[in-house]
Amino acid sequence: MSRAFTLFEVAISLALVAMGVTSVLLLFPTGLKTQQMARYRVYASAKALEMVDAYNTFPTANPSLESEAPNPWDVSTGRGNMAFDLERRLSSFRFGIMPVPLDIARRIDSEGDEIARVLGEGGRLYYSQPLATTGFMESGLPTAPPNEAQRLVFTVVGHAQSNAIAIFPWKAWPYYAPFPSPPAHGTHGREPGFSEPLGAIETVGGKRGILFEDSFDADMRPVFWCRRSDGAEYGYRHHQVAGTRDSAIRYCQAALWYCARKGLTPAFYDQATPITDFDPAATPPDMRWKQVQALRFLAHATTCLTTYVDHATLSAGLAIPPIDLIEDGTTPAPYTATHDRIVALHDSAKNLAMLFAASHPYDWAVPRPLERAIMMDHPLIEWDMFSDPLRGTIWKTSVSAAQWRPVPARPIENIGRSFQFSNLPIPSDDPAWEWGRSSLPSFWGDEAHFTLTNAFEPSERCRQLVFWAVDWMAYEDVETAPSAPVDACRYPRGAPRLNASFTALLTSPPFFDWQQYSYRNPEKVMLFKQDLSDPVANPTGSDVSTRILGLSGGPTTLGSNPRGDQEGQAADARAVFSGLYGADRNMNRRLDRGSLPRSTRVRAMPVARFNFYDLRVPAALR
Amino acid sequence: MIRRGFTLIEALLAVALSMTVVLTAVAGVRLAAQSVTAANRNAVENGLIRAGYFMAVDEADFWRDYDDPFDATRQRLRGYDAARRRGLPFTPFDATVMPRSGTPGAEDERGWDPEYQWPASDARTWFHGNLVEHATRTQHRFGHHEIFAHVKEEPTLARTFVDGLGAATPAYAGYGQVRTPHTWAANQLTALKNALGYYGVTEYMPANTIYGVHGAPGADNAYGSGPGDPLAADDTDQGLAHEWCLPSGSGGGVQWRFANDDGDTAWPRGIYRLVRDSTFPVIPASATPAADTTPWTLQTLVAAHGRSWATDRVAASWQTGGIPDLLAKAQMAIAVVPLRPASWPAVSRATMRYLNNCRFTALNKIRWISPVTGARSELSFTLVATSLRGARQQRSPTPTGGWARPGQPTLDAP
Chain A
1 MSRAFTLFEV AISLALVAMG VTSVLLLFPT GLKTQQMARY RVYASAKALE
51 MVDAYNTFPT ANPSLESEAP NPWDVSTGRG NMAFDLERRL SSFRFGIMPV
101 PLDIARRIDS EGDEIARVLG EGGRLYYSQP LATTGFMESG LPTAPPNEAQ
151 RLVFTVVGHA QSNAIAIFPW KAWPYYAPFP SPPAHGTHGR EPGFSEPLGA
201 IETVGGKRGI LFEDSFDADM RPVFWCRRSD GAEYGYRHHQ VAGTRDSAIR
251 YCQAALWYCA RKGLTPAFYD QATPITDFDP AATPPDMRWK QVQALRFLAH
301 ATTCLTTYVD HATLSAGLAI PPIDLIEDGT TPAPYTATHD RIVALHDSAK
351 NLAMLFAASH PYDWAVPRPL ERAIMMDHPL IEWDMFSDPL RGTIWKTSVS
401 AAQWRPVPAR PIENIGRSFQ FSNLPIPSDD PAWEWGRSSL PSFWGDEAHF
451 TLTNAFEPSE RCRQLVFWAV DWMAYEDVET APSAPVDACR YPRGAPRLNA
501 SFTALLTSPP FFDWQQYSYR NPEKVMLFKQ DLSDPVANPT GSDVSTRILG
551 LSGGPTTLGS NPRGDQEGQA ADARAVFSGL YGADRNMNRR LDRGSLPRST
601 RVRAMPVARF NFYDLRVPAA LR
Chain B
1 MIRRGFTLIE ALLAVALSMT VVLTAVAGVR LAAQSVTAAN RNAVENGLIR
51 AGYFMAVDEA DFWRDYDDPF DATRQRLRGY DAARRRGLPF TPFDATVMPR
101 SGTPGAEDER GWDPEYQWPA SDARTWFHGN LVEHATRTQH RFGHHEIFAH
151 VKEEPTLART FVDGLGAATP AYAGYGQVRT PHTWAANQLT ALKNALGYYG
201 VTEYMPANTI YGVHGAPGAD NAYGSGPGDP LAADDTDQGL AHEWCLPSGS
251 GGGVQWRFAN DDGDTAWPRG IYRLVRDSTF PVIPASATPA ADTTPWTLQT
301 LVAAHGRSWA TDRVAASWQT GGIPDLLAKA QMAIAVVPLR PASWPAVSRA
351 TMRYLNNCRF TALNKIRWIS PVTGARSELS FTLVATSLRG ARQQRSPTPT
401 GGWARPGQPT LDAP
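Chains as they are written, first to last, in the numbering used here: chain A, 1 to 622; chain B, 1 to 414.
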């Protein structure tokens with residue numbers, strides 16, 4: 001007997017068909033998702049390329065408030081800013097990547113909890129400003145249309161690398177000086193916190209400073225300035241003040257005395273044609289720096305004559321009477337300055353300075369010529385992480401600290417003293433050396449641990465830029481969430497200044513704030529200056545252009561010092577500066593609030609990974 | 001046998017179930033259709049964005065928006081203002097612009113040698129001036145550095161100086177005429193600056209160059225607000241040429257000299273100080289190169305390549321002549337697909353090249369407008385790009401010569 005389907009059977013069949021059809025139809029949106037991810041990969045490619053380019057071309061000369069330290073275990077306060085890690089270099093207000101507020105970053109899930117792991121290890125999740133890394137002051141640019149690329153978040157994974165030390169803390173070599181020039185002197189010596197040798201000679205005119213180069217070679221001191229027992233003054237400083245024919249001659253006398261002190265005779269420096277090379281037979285390596293310095297000072301001093309003595313007179317010759325400058329029995333040979341000899345001295349000083357810099361890259365007795373900076377001016381030094389570190393207490397405190405020992409590619413000769421701490425000797429390898437506060441029988445690390453010139457596999461040093469797509473800007477507090485915590489090194493504070501108040505430390509750095517793009521909160525130019533979290537008082541979409549730090553807190557006239565809310569004197573300004581009130585993160589100058597409540601978690605979709613290296617040896621020349 | 005129809009309830013249930021199935025199917029089909037439509041739209045948009053991105057990468061390599069090697073009508077950056085002796089970024093280094101003379105490798109060599117690498121060991125390349133000499137307030141207290149290097153081979157140093165700080169002290173007459181040993185670097189710098197403009201000279205010079213030359217201090221940028229004229233007679237051969245070292249201080253973000261207007265820093269400097277606050281751009285021949293509806297005159301172009309823009313100031317007085325003005329002049333907007341179906345988004349790319357903060361930047365913006373919502377979106381990025389020097393060496397100097405093959409004449413070696 002044939003029987004029709006029961007209603008129940010028909011219903012089941014229809015349900016099955018409906019489920020099948022629905023399942024097939026639901027596959028269609030995956031095509032949409034694929035297209036979206038394809039677009040994010042374009043965004044990520046463009047951003048990764050831009051970041052690596054900006055990282056490699058980042059100005060190395062950005063002002064650092066101080067870069068040297070008195071003890072091996074001290075580090076400068078700006079060390080973190082000047083470190084050559086990609087994320088540290090670029091996470092700044094002129095280079096375009098900003099940390100996602102920590103409150104929001106912690107709500108983002110990712111495959112394998114990778115984001116959570118990075119945050120847990122102290123790393124940051126970043127987003128990009130809506131504009132490219134233009135280098136322009138962002139607040140001066142017109143508002144940009146919405147940028148989907150802001151949905152990309154990214155981080156750097158892979159171990160931080162031990163590369164060449166970008167700034168050797170005890171002496172931020174290379175020191176540059178023009179050639180010819182007088183003994184190096186500068187203004188920092190008299191600024192609070194920096195040291196100066198006992199009896200340091202001050203500069204005159206303009207900012208107060210000191211002669212510091214004589215901390216390596218005391219014979220430079222009279223070349224810079226001295227007063228004889230008869231009251232007559234000699235040297236560069238006297239001529240700088242007096243500016244007369246007589247003072248120029250006295251400067252020449254001081255420079256000639258220096259030549260004699262270094263054992264140099266007229267046979268070396270009194271020549272009508274330029275010297276182009278060290279005489280290898282007559283010039284042992286330890287004499288070469290003396291020849292370079294002697295020519296440097298004598299060429300500079302004799303050039304001063306040309307303002308006060310005309311060409312015709314100098315062609316005939318101007319006698320420079322020899323003098324026992326410090327009355328110690330050192331008297332140079334008689335010398336007659338002529339135009340041709342002055343020109344030859346100038347070229348000789350340059351020739352030997354360039355040659356010395358190229359031939360003796362690890363001899364720091366002579367500053368490097370400013371006129372032609374070269375890659376080899378930068379020494380290869382790294383930390384030895386496989387030897388016992390140096391230990392002591394932080395300068396003028398009882399706080400214990402340690403530091404790895406430095407390892408240079410070759411032993412550094414004539415290391416001298418630093419500009420900022422010129423009263424403190426830099427430890428050498430002399431076992432008998434006594435620091436004064438602690439003993440360091442061996443300062444340098446083990447040369448067998450020097451790796452900078454070793455070959456390496458990519459897997460040993462590669463780091464990775466990891467991009468995700470997530471609509472983090474849909475959160476209700478996307479703009480009112482506080483900035484991610486700002487590292488202390490980002491605050492340009494005057495240091496070291498013991499016993500100075502916190503306010504004094506924050507307000508005295510004598511640099512214009514807008515020039516210091518390595519410092520400050522990376523979100524600085526978009527920070528809100530007041531609490532805008534109340535949706536009644538500050539409805540979504542409000543015009544906030546007058547409440548953004550970068551738009552209203554900048555300098556108004558050239559030369560003005562942009563004090564006030566950018567520098568953080570007051571507690572409220574510090575709150576602004578820390579990003580407590582959030583920021584206009586899409587730079588549209590409107591207050592944006594998304595629809596996602598804070599209690600919601602979102603999942604980030606992986607987009608792309610890009611391998612890169614941190615710079616092994618940062619040696620950009622600019 | 002009794003035949004029985006569905007009861008009403010059964011019929012109703014059947015209808016309801018059928019409706020459910022149909023509605024589900026319809027909803028599913030609609031969703032699918034929307035997904036397909038959106039995916040298609042996204043695919044088209046992605047394709048156009050990718051096309052814009054690849055065009056930007058291609059342009060970064062070849063500079064065709066600035067100079068089309070196959071189209072003589074789009075090579076206006078090869079112009080030369082003979083009256084003012086100033087060229088543009090693609091001006092060929094021919095006998096008019098860079099005449100060759102002198103002994104190769106010697107101080108008297110003139111003109112551009114494309115093979116020369118400026119080695120740091122060559123004394124010709126070194127700066128020989130006084131790095132702390134102010135362009136106008138110098139007392140030459142530390143001597144006449146003009147005797148070491150100068151644009152002239154035999155300058156006359158005639159200016160008098162007053163001794164010391166007091167008025168009662170004696171005055172010293174000029175030093176007199178001298179034969180200067182180093183003239184090559186000053187002439188190379190000056191010739192390159194005049195031939196290519198400010199962006200060009202910074203791109204051609206080594207990264208460690210000190211910018212500044214002795215001689216012709218009366219000379220100034222003829223296109224600027226400075227008082228001098230580069231063709232006027234020198235008032236003296238002493239001191240630093242003002243165009244290199246003396247900020248014009250004209251305000252409003254306009255700087256008519258090479259110097260960065262960051263205070264009273266009027267002495268020779270390296271590139272960091274020169275572009276920390278300012279920007280040297282490449283100005284295209286037209287703000288709308290495809291249609292060329294707003295071409296700049298030769299004089300406007302030459303003037304624009306002999307100035308800088310303040311791009312690190314936000315105050316109103318700097319804004320007028322600063323970033324907005326720079327964007328208006330230096331940024332080109334080009335349609336990715338000039339003719340397109342109405343259902344496609346309008347996609348354009350904007351490109352701009354400049355130097356600031358020590359970084360030679362090729363800025364690109366891909367913009368698209370949704371044909372459905374009218375919403376505008378933008379992808380903004382910078383690229384690693386071929387240098388201007390590389391672009392010039394890619395090109396044949398003849399207007400329709402196209403790309404130069406190895407060994408063939410180029411804009412650097414016509």
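What the hints contain is simulated information worked out from the structure, not anything from laboratory work. Errors might be hidden in some of the hints.
[Said to hold, decoys possible] Under 10 Å between C-beta atoms, here's a sample of chain A residues computed to sit facing chain B:
| no. | residue |
| --- | --- |
| 1 | S45 |
| 2 | F58 |
| 3 | L141 |
| 4 | G186 |
| 5 | W383 |
| 6 | M385 |
| 7 | S387 |
| 8 | T451 |
| 9 | L452 |
| 10 | T453 |
| 11 | N454 |
| 12 | A575 |
| 13 | S578 |
[To be verified] FRET-style restraints, in silico, Cβ to Cβ:
| no. | chain 1 | residue 1 | chain 2 | residue 2 | range |
| --- | --- | --- | --- | --- | --- |
| 14 | B | F70 | A | P597 | 51 to 61 Å |
| 15 | A | Y176 | B | Q393 | 53 to 63 Å |
| 16 | A | K396 | B | R389 | 51 to 61 Å |
Using N, Cα and C, we set each Cβ at its ideal position, and we do this for glycine too.
Exercise. Could you tell me which of the hints above the structure violates, numbers in ascending order?
Key: Structure breaks hints 4, 5, 6, 7, 8, 9, 10, 11, 12, 13, 15.
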